[in-house]
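> Protein sequences, first through last, are from chains A and B. 241 is the number of the first residue of the first sequence in the numbering used here; add one for each residue after it. 12 is the number of the first residue of the second sequence in the numbering used here; add one for each residue after it.
A couple of the hints might just be wrong.
With a cut-off of at most 30 Å between alpha-carbon atoms, the simulated DSS-like pairs for lysine-lysine come out as follows [to be verified]:
hint, chain 1, residue 1, chain 2, residue 2
1, A, Lys243, B, Lys587
2, B, Lys410, A, Lys495
3, B, Lys399, B, Lys174
4, B, Lys410, A, Lys488
5, A, Lys416, A, Lys357
6, B, Lys413, A, Lys495
Because the hints were derived from the structure by calculation, they are not lab data.
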Amino acid sequence: MIKGLIFEVRRFCVNDGPGIRTTVFFKGCPLSCWWCHNPESQDFKSETSIRNLILAGERFQRTEITGTFMSVDEVLKEIAQDQMFYDESGGGVTVSGGEPLMQGPFLSGLLKACKQKGIHTALDTSGYAAPGTFDSIADLPDLFLYDLKLMDSELHKHYTGVSNQSILRNLAALFKKKKNVILRVPIIPGITDTPENIRLMKDFIRSLTTGSMMQTEIHLLPYHSLAKEKYMRFCKQNKLEELPDLKKEDLIPLKAEFESIGGMVSIGG
Amino acid sequence: MTDRIKFLREQSLKAINHISTERASLVTDFYQSGADREVSIPVMRALTLRYILMHKHLCINQGELIVGERGPAPKAVSTYPEITVHSIRDLEILDSRPKVSYKVDEETKKIYREKIIPYWQGKSNRDRIMRALPSEWHDAYNAGIFTEFQEQRGPGHTVGGNKIYGEGMLDIIDNIHKSYAQLDFINDPYAYEKQEELKAMEIAANAIIMFANRYADELEALAHSSAIRHPASVIHHTKEELLDLANICRNVPAHAPATFHEALQYYWFVHLCVITEVNPWDSFNPGRLDQHLYPFYTKDLHKGTLTKEKAVELLQSFWVKFNNHPAPPKIGVTALESNTYTDFALINMGGVKPDGSDAVNELSFILLDVIEEMRLLQPSSMVQISKKSPDNFIHRALKIIKTGFGQPSCFNTDAIVQELMRQGKDVVDARNGGASGCVETGAFGTEAYILSGYFNLTKILEITLHDGFDPGTEKQIGLHTGNPDSFHSFDELMEAYSQQVNHFADIKIKGNNVIGRIFADYMPVPFLSLIIDDCIANGRDYNAGGARYNTTYIQGVGLGSVTDSLTALKYHVFDKKTIGMGGMIRALDNNFKDFEEFRAELVYNTPKYGNDEDYADDQAKAVFEIFYSAVNGKPTAVGGIHRINMLPTTSHVYFGSVTGATPDGRQSGQPLSEGISPFQGADHKGPTAVLKSAAKIDHIRTGGTLLNQKFSPGFFDGDESIRKLTSLIRTYFRMDGHHIQFNVVSADTLRDAQKHPEKYRDLIVRVAGYSDYFNDLGEDLQNEIIRRTEHQTF
Chain A
241 MIKGLIFEVR RFCVNDGPGI RTTVFFKGCP LSCWWCHNPE SQDFKSETSI RNLILAGERF
301 QRTEITGTFM SVDEVLKEIA QDQMFYDESG GGVTVSGGEP LMQGPFLSGL LKACKQKGIH
361 TALDTSGYAA PGTFDSIADL PDLFLYDLKL MDSELHKHYT GVSNQSILRN LAALFKKKKN
421 VILRVPIIPG ITDTPENIRL MKDFIRSLTT GSMMQTEIHL LPYHSLAKEK YMRFCKQNKL
481 EELPDLKKED LIPLKAEFES IGGMVSIGG
Chain B
12 MTDRIKFLRE QSLKAINHIS TERASLVTDF YQSGADREVS IPVMRALTLR YILMHKHLCI
72 NQGELIVGER GPAPKAVSTY PEITVHSIRD LEILDSRPKV SYKVDEETKK IYREKIIPYW
132 QGKSNRDRIM RALPSEWHDA YNAGIFTEFQ EQRGPGHTVG GNKIYGEGML DIIDNIHKSY
192 AQLDFINDPY AYEKQEELKA MEIAANAIIM FANRYADELE ALAHSSAIRH PASVIHHTKE
252 ELLDLANICR NVPAHAPATF HEALQYYWFV HLCVITEVNP WDSFNPGRLD QHLYPFYTKD
312 LHKGTLTKEK AVELLQSFWV KFNNHPAPPK IGVTALESNT YTDFALINMG GVKPDGSDAV
372 NELSFILLDV IEEMRLLQPS SMVQISKKSP DNFIHRALKI IKTGFGQPSC FNTDAIVQEL
432 MRQGKDVVDA RNGGASGCVE TGAFGTEAYI LSGYFNLTKI LEITLHDGFD PGTEKQIGLH
492 TGNPDSFHSF DELMEAYSQQ VNHFADIKIK GNNVIGRIFA DYMPVPFLSL IIDDCIANGR
552 DYNAGGARYN TTYIQGVGLG SVTDSLTALK YHVFDKKTIG MGGMIRALDN NFKDFEEFRA
612 ELVYNTPKYG NDEDYADDQA KAVFEIFYSA VNGKPTAVGG IHRINMLPTT SHVYFGSVTG
672 ATPDGRQSGQ PLSEGISPFQ GADHKGPTAV LKSAAKIDHI RTGGTLLNQK FSPGFFDGDE
732 SIRKLTSLIR TYFRMDGHHI QFNVVSADTL RDAQKHPEKY RDLIVRVAGY SDYFNDLGED
792 LQNEIIRRTE HQTF
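Bound-form chain A, shown alone (with noise of 0.2 Å):
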């Protein structure tokens, strides 16, 4: 049986789509962004670290393994025990990362084994796949929580190490498709907050919607250095070190620009 890389199954998630949620994290993500806070969803495999357990002052050390692998039926019976809390709430899953789309054939079997049972999907990713592969799971999950990063395909591929290319063309596609689509923009000082990405975003994003009569959500997602102890635990390299977080404030006059190309935008998720 098919068997998928997850790192985590973390319930109650409430800023990963509508109602109360449980997001599935694959682990492995072809795009290595500066901003990244979950960097141990980067690699393909699982990882090992060294977790310090602090009890009465004394320090406590444990191998903690970071990914295993699991089986649709083995997530499924996770996201199947906050079933009530989905009905409820208009909740369900959500699947994340990493980058999901890298596990094309497990990430297609685990939405179509929550659309049996009628638990709603969503689908965190970056967008970049294949179109082939893209196209194959469009019209499995029922949102796309779907990442725009950069506009310029340079400085995509600098700061997150691929090129924006199939990004932009699966989301026009899903567009076309005219499936629910909420994005999420990070908003990195310096990087991804420049004017001339927000204008060549706004453009696109236009482009994208012309001639339809729904609204577009988008999220803005102000830069947080949470992860920051994340990345010495995995030793990786945190490029972003010194950057201090931006507060929801911070992002009120990008909130307006967005706004005025018809956008239904809101500040974190």
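Since the structure of chain A is provided, determine the placement of chain B on it from the hints.
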């Protein structure tokens, strides 16, 4: 908030808790006069109340709209020497302890030394009880297996129903006469007892009317005296207000209330008499206040004699009265087990009407406004949420909860109704019920539901692991259930535990039945019996089983701790065999000294209750079933039935202090888990998992369970999170959860989390697409979050 309320609220907050000897002194005078020896006990108790009400100082606070204080001044707290006598040492402790102190001046000590103690020593009801209880009871009590509420307070825990809003005391006296006329001295062997009880009730009913008239006289005198010419800037009563208040006191409680204002004043007089007659444990309160007052509110509004603003001001003045009345101070161990000022008067809002339809009304919302604005410790408040309650009612409550004030708590009406009906109550009585105190289910106005004491479920495991021996008091107080080293399976251990629980539950129940009879025979409460149906019709006292329903509860404490401990034994000793039973017990007896590494495994790497994992939660269910069958259904001394509920107040701290180290990694003396909440830090899968675990025990077969949930303040931001919390509550209630309370984590708590991460494994920082535990953040970031938290709360 009007200037008047600002002033009253400030005066109440400024008043200092202190012991008043007024009541103790009057009671002593009365008993010393010998008057008590000429009449039956019920009549004597009614005359005692009358004597107090006739001679006590009348306190009228400047500007207040509801009059009446139990003591001579706000926060002047009465004592009850006929129930329990404070020693000089007790008074000194009360005076000097840093937390929850009651000031005691030299004059008070003198009166106690010269008058109260000499008369009452050896004669109080507590003395009578302690003499009557067998040594096995004392041994278990001293070991901290259970506590006893009635050793220093009267049986209480009842809540007023709707009776007083339709009947004046004169109507009630008519009913007493009717009951009197039915006495059958030929066929009824209890006719004499009934006669004396009914006589006592009539005296009590007349006493409250007399007391209200004294207030009316005093108010009129004030209105006509020159002393009330105040400068305009000072908050004071106008002459008209004083005369109005006097009129109100003439009309209620003698007659049924005619207005909103009269309804409140009537209740308040009743409240005062209930808590003056004896010191019932505890929480007497008006119950379904929005339901009781709504007809008066709409009628007065319609007539144009009341505005919404005036109603709010009256309610706020009413709120101040509760805050003026701290709980009677306790002595000895009881002060440890429940060291709070409050008497847990829990106002209920919402719920369902007698016909089962949604009861949320305009007043429910007005009361929530009052609670938000007053922010007082007392009265406490709760919302009853039924499946029919509108979401906006829950949203309104959550907007108050998120300010971090701990009120209102959320209750499941549908569960409460089922709990009461399972106990055999009529559906209308069940729908008129609610929860009082912390979380205790009751049929308001028709039930005596007496809390008898906390029961230390965790300590009993310690005793089981020592073959019935208590390492604390160094006595064999339990059964010999075998050396645990010889147990071959986890089931054998559970069987031994079950035998010990039954053994101690029997001791407790036998004690309850001694104490119950002593209260029935020696300490009747004819006044309270006026208020609770069907005491008058039955001609029987509230303390003697006169109420329509009589229930005695034992409160299980430490469910999370005992579950985790049993689970750790199952996991490490029987399943994984990482340690032998002997080794485990050695680790516990050493309080984990030289077992630190093993303790870290127990704390961090062992299945725990609260994570929606059956491996651990199965033990919670098993313990619940053992405790339930040991108690539920056993008769009480007054014709009632014993039942269980699961709540600790603050006894989990006391019980922890007398319980040695436990297999869950808890060190000796540390607090136990509270209510049905997981042990602090044991849950790490978020609130949905906690709720699922907590719902695995059968709440419907309890009389209340208590579940606390912590949230960081940032979580409550925005309407969306309020909606999600609403869904969380609704789902828990769909699973028959009885109660949930949300606590907003403060900056201080987060600081504590930095020091004791093991207690805060459940603190999760939630940001879109990311989630991590507070414990896993570096110190700088933790400090940053603490700074932000301080910013958001006030």
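> All hints are to be evaluated individually against the structure, with a verdict given for each.
Here is what the structure says about each hint:
no. : hint                  : in the structure
1   : Lys243(A) x Lys587(B) : holds (28 Å)
2   : Lys410(B) x Lys495(A) : holds (26 Å)
3   : Lys399(B) x Lys174(B) : holds (26 Å)
4   : Lys410(B) x Lys488(A) : holds (21 Å)
5   : Lys416(A) x Lys357(A) : holds (28 Å)
6   : Lys413(B) x Lys495(A) : holds (26 Å)
Of the numbered hints listed earlier, not one is contradicted by the structure.
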